[in-house]
Amino acid sequence: MSKKKGLNIIGFVLILLISVVAILPFYTMLIMGTYYTNDLFTGMKFIPGNYLGENIKTLFSIDILAFYKNSIIVAGGSAILTVIVCAMAGFAFAKYKFLFKKTLFSSVMVTMMIPMQLGLVAFVIEMQAVGWRNSLLPLIIPPAASAFGVFWMTQFASSAIPDEVMESARIDGCNEFTLFVKIALPFMRAACMTLALLAFLWSWNNLLTPLVVISNESLYTIPLGIRQLSTTFRNDTAAQVLGLSLTTLPILLLFSAFSKSLISGLSAAAVKG
Amino acid sequence: MVKNLTYKTGQSSKGISSNKINLGTKIAPYIFISPYFLIWIAFTIFPILFTFYISLTEWNGFDKKIFVGLQNYVHLIKDERFYSALGNTLLFMVMIIPVQIFLGMVIAAMLSNKNMIGKNTFRLFNFLPYLTTPVALGLIFGILFDYQFGNINAVLSGLGLIKENINWLGEPWPSRIMISLITIWRYYGYTSILFLAGITNISPELYEAGDIDGANPVQKFFKITVPLLKPVFIFVVLTTMIGCFQIFEEPFMMFTSQGQPLVGGPENASLTGVWLMYDTAFGTVMNFGYGSTIAYGLFVFIGFLTVIANHIMKRGED
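So the sequence lines, in the order shown, correspond to chains A and B. Straight run, no breaks: the first sequence in UniProt numbering ends on number 273. Straight run, no breaks: the second sequence in UniProt numbering ends on number 318.
Bear in mind the hints are in silico, worked out from the structure with no lab data behind them. These numbers were taken from a predicted model, which means no experiment stands behind them. In this text, a Cβ means the ideal position worked out from N, Cα and C, and glycines have one as well.
Keeping only pairs whose Cα atoms sit at most 30 angstroms apart, straight-line, the calculated DSBU-like set for lysine-lysine is:
{"#": "1", "chain 1": "A", "residue 1": "LYS182", "chain 2": "B", "residue 2": "LYS26"}
{"#": "2", "chain 1": "B", "residue 1": "LYS119", "chain 2": "B", "residue 2": "LYS223"}
{"#": "3", "chain 1": "B", "residue 1": "LYS26", "chain 2": "A", "residue 2": "LYS102"}
One-sided excerpt, in silico: chain B residues whose CB lies under 10 angstroms from chain A:
{"#": "4", "residue": "PHE32"}
{"#": "5", "residue": "ILE41"}
{"#": "6", "residue": "PRO47"}
{"#": "7", "residue": "LEU137"}
{"#": "8", "residue": "ILE143"}
{"#": "9", "residue": "ILE193"}
{"#": "10", "residue": "GLY289"}
For reference, chain B alone in the conformation it holds in the complex (with noise of 0.2 angstroms):
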């Protein structure tokens, strides 16, 4: 208040321009975060906690709201399909996060190689799985595994790797198998890209260093770029984690798209969380209000792992 005065009824043209910056530089912080926080509020905020308060109803969206309290809640802790849904995250989460963290790696640590020919048209290469559009991909990999026609099986028993064909997308666990290494061929591109920024950034002479103790390029990589990249690793592994929570698209596609669709997979074994609370809500029947309890479900069982996770990792920091 005494600035805004000063401000206002200051003469000299330096206490003005001084008064000024001051103003400026405490107001105009929050006018520049000030759109981020409005959409914010209401578009993830709000319907966060709105959707709380759904599912504590039984609602299919156009007939009236009848309050029931927890007794979604108590339904869900019972709900066979929804740890079917937490079962097979941590199966995706075991089966992707180490091949996808060890590839992503290990191109990096390949493409950050100075001799290396056509670095930059590899690195593109890499990254063109993570620009497909899901839609596609549930498509796509859908005609490749099929079980009589697909190439899949067709290139697996032409080297002789299989005796019977796979069938991929008809029993829960390869239809598992599939699903991550869907994701994985997705997004390992991307995980490498944040690898090779983090071995761009370490020190050149450190690895020089190296050369004069006679490390080889092997020892140099395990002693040097991966301790090194511990915050990299921190943020893919962490993200991967919530990517694993995501995955929708392709499984949806891959069994909703052609001839009957499949909800869930072979016995519900490529269900994951999204696509549990999606059918819910927006399937053949409408049921916003356990819909919005298996997104609450979630949210805890997420949490829950991200702050283990995290605790794991910053331990091993230390």
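Excised from the complex, chain A in its bound form (with noise of 0.2 angstroms):
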């Protein structure tokens, strides 16, 4: 028994040890934001400096509200359209059997081991071509065909829901879109939720897509406004790291706020991968 407990201990002190490391680079991200520029290169910082205030005015003298704007509009937008995409396509290879669908369905997993990066080009082109280009469009309707949403939504779907629930909602006439919308749908709550969080995130924090589609200065997204302010400023490295701070914050509280439902959701999914 009491070499169990040591084992704890040791356990519970290496978890320590690890979550420091962890938290340490965010930890010094919050603090590098408070102090100017040419002292963050003087050593370690550990407590608040006192140049937040002139970070603040840097920061707001670029637009970086109208960023934010963007940013929420972007990933707000394709995080729900991405649940209602994947959720839709994940149902249908649970519960239904049609013509082709193992094939459709492996094509949904070779997409996933495809990196979507190497159509980038064309895509840019593309975008030019149906005069998407310097909108939001392009972050926010091409990230919802999501492999992965559907891959992950077939899989929580296929065991959530009880096909008997289906057989007697069918019984009582209710048409198949109903049925997603009023029976499925509430089944699969848990995943929507969780692919909902990491859809945001993912826009949030992308940087690839908005920096080749996206030229004019009123529609960049935080990411992107923030790499402005090396140039604009003369790397101004205080004001920039602030600014990530208050990019990295809204996320934090988000995921803090739904973490029990987004690890049993990320568990429901990666058990039967």
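Assemble the dimeric complex from its two separately framed chains, guided by the hints.
See below:
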């Protein structure tokens, strides 16, 4: 028994150390945003500096609020769309028999293994051709076809929705669309929530796509806007770091609030991976 | 067609409803999957195919395309930077995958322990790095790994582990190690959640049986947990491999956002495939044609590696 306790203590200390390493860069980020840039490179900082006000001023000298607004539109829009598109497809793959189902599902699996960036050049030209260049649409609509999302919704739906409930709803005269909205979706709520959070996160943090499709400054998302600080203000690193802290905080709050459902949602899908 | 007819002409209410079911269940799945596949064809498949066409041309995106056949590919197989990018990707895989999987599994094993205090808090803490904007990672770690004033060098020399400061951002191997460390830091928490999910699904009876046989926790981990995690393990290895191909934002931010931009890092040691493609197609000289060729070169390389990895892991299953 005492040997077991000993192992528990070792485990606890180990995980505590790892957690400290996980958090430290975060903490440094928050602290660095309160210093004058030149002071950042003069050794370790663990207590907040007194330059926060100035850095905030610098941040507001670029249109940070507009960047925020764009990021919220893009991330929110793509999260909602991703959940709708993937939940529908996942439901179909999990609960219906249809021709070419296996082939189509394999195409989803293969897509999951292909880095999307490989079609980037043509994607940019395509956006130009359809007139979506310098609009937020390329950041909202294309990501909705998330192969990971479909794969995961399929896994989740196949075990979460009881067939008997679907059958009895059909006997009651429910059509397939009502069945999906009224019966299936409530059972898939945990998965939808988790996918919405992840899609929001991916979109919020995405740098590469906005970098290549958006050149109009009024449409910049936060990562793009923050990057611009290094040229406009001759490497005002501290202001950049503060901007990044402000970028990360909303995500942090969002995920802390939903961490339980996120992790249980992830669990359900990963197991059968 | 016949069913359609009966549906329309059927009189008895029972007949209508049963035919409705049949018809609905036949068509509904296609309607449900169509949004996904329409977007997928328009924005994933079409760009990938069109990229192949562009790879056969010389084009800067503005002037007329000039069809050059396989000329770009001939250039590609002699391009040293392309091989550096592939080599770096392989090195990153070797450095990242084992460590990330080991850390992920160990943490998952500890967090699955019923007696662990503060489980939820630790779980969240370890998930934090996954949430950070990659742009931030490049910037923050750029400062932490600074040659003269960085905290990392300060801590290492404070502990007496190094005699001279390491020039993380200025020398090939240190820069590779640095990028690997950052990538591991970012993803191990995510990996551990996947493993945790797998562990939670293992029947407790197996562990009870282990207890009866007098197995200690370490033995139980290696004899029960590890073998049963195989499916999760395969999933994690494959997705981490793909993740290694996609490394871009962190080195890109570290080497181009401060001072003199240095594409690829010191001696191209941190050049990755996606970065090379981005720099070729959208860098100072816009070369869409050759950028697309690089994308296809990577495509073939990734496909090849994935098939091999899948084969090796599946064979181990028998």
